Amino acid sequence: MVKAVCFTREHIEKIRSGFTVDYSILERSIFALALLEALANTIRRLVDMGILILSSWNLLLS
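Basically the working numbering = 1-based index in the sequence shown + 1013.
Quick caveat, the hints were computed from the structure, so don't treat them as lab data.
Predicted, not measured: the structure shown is a model, and the values here were computed from it.
Treat the hints with care, as some may be off.
To be verified - Distance windows between CB atoms, simulated:
#, residue 1, residue 2, range
1, Met1014, Tyr1036, 34 to 44 Å
2, Met1062, Thr1033, 38 to 48 Å
3, Glu1023, Leu1052, 34 to 44 Å
4, Ile1064, Met1014, 22 to 32 Å
5, Thr1033, Ile1064, 40 to 50 Å
6, Leu1059, Thr1021, 29 to 39 Å
7, Met1062, Ser1037, 20 to 30 Å
8, Arg1029, Glu1050, 14 to 24 Å
9, Ala1017, Val1060, 42 to 52 Å
10, Lys1016, Arg1057, 35 to 45 Å
11, Arg1022, Asn1054, 22 to 32 Å
12, Cys1019, Val1060, 25 to 35 Å
Every residue gets a Cβ at the ideal spot worked out from N, C-alpha and C, and that includes glycine.
Based on the sequences and whatever the hints tell you, model everything.
Pasting the structure below:
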């Protein structure tokens, strides 16, 4: 789970200090992971409600 503290400038700078990575790439990676998490949660809720039926994807989200 991506917590709210992960989006703060201080947290990103703390992570960046240990690696040689561009600030914008690191920030976008965190946002991409949060978006992926939100998408997976939405799909899981739709499957649980019976609105969406997935065959092989259901195994990945479980």
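Against the structure, the hints come out as follows:
1. In this structure the hint that Met1014 and Tyr1036 lie 34 to 44 Å apart at CB is violated, the actual value being about 23 Å.
2. Taken as a hint, the range 38 to 48 Å holds for the pair Met1062 and Thr1033, whose Cβ atoms sit roughly 45 Å apart.
3. For Glu1023 and Leu1052, the Cβ-Cβ distance of about 27 Å falls outside the hinted range of 34 to 44 Å, so the restraint is violated.
4. Restraint check, Ile1064 to Met1014: a C-beta distance of roughly 24 Å satisfies the suggested window 22 to 32 Å.
5. Here the CB-CB span from Thr1033 to Ile1064 is close to 45 Å, well matched to the stated 40 to 50 Å.
6. One distance hint, 29 to 39 Å for the beta-carbon pair Leu1059 and Thr1021, holds here, with the actual separation near 31 Å.
7. The supplied range of 20 to 30 Å is broken by Met1062 and Ser1037, whose beta-carbon atoms lie about 37 Å from each other.
8. At about 21 Å, the beta-carbon gap between Arg1029 and Glu1050 stays in the expected band of 14 to 24 Å.
9. The given range of 42 to 52 Å is broken by Ala1017 and Val1060, whose C-beta atoms sit roughly 26 Å from each other.
10. Under the hint 35 to 45 Å, the C-beta atoms of Lys1016 and Arg1057, about 19 Å apart, miss the expected range.
11. Checked against the hint of 22 to 32 Å, the C-beta distance between Arg1022 and Asn1054 comes to roughly 26 Å, which is consistent with it.
12. At roughly 27 Å, the beta-carbon separation of Cys1019 and Val1060 lies within the given 25 to 35 Å, and the hint holds.
Hint compliance for this structure: hints 1, 3, 7, 9, 10 are not met, and every other hint is.
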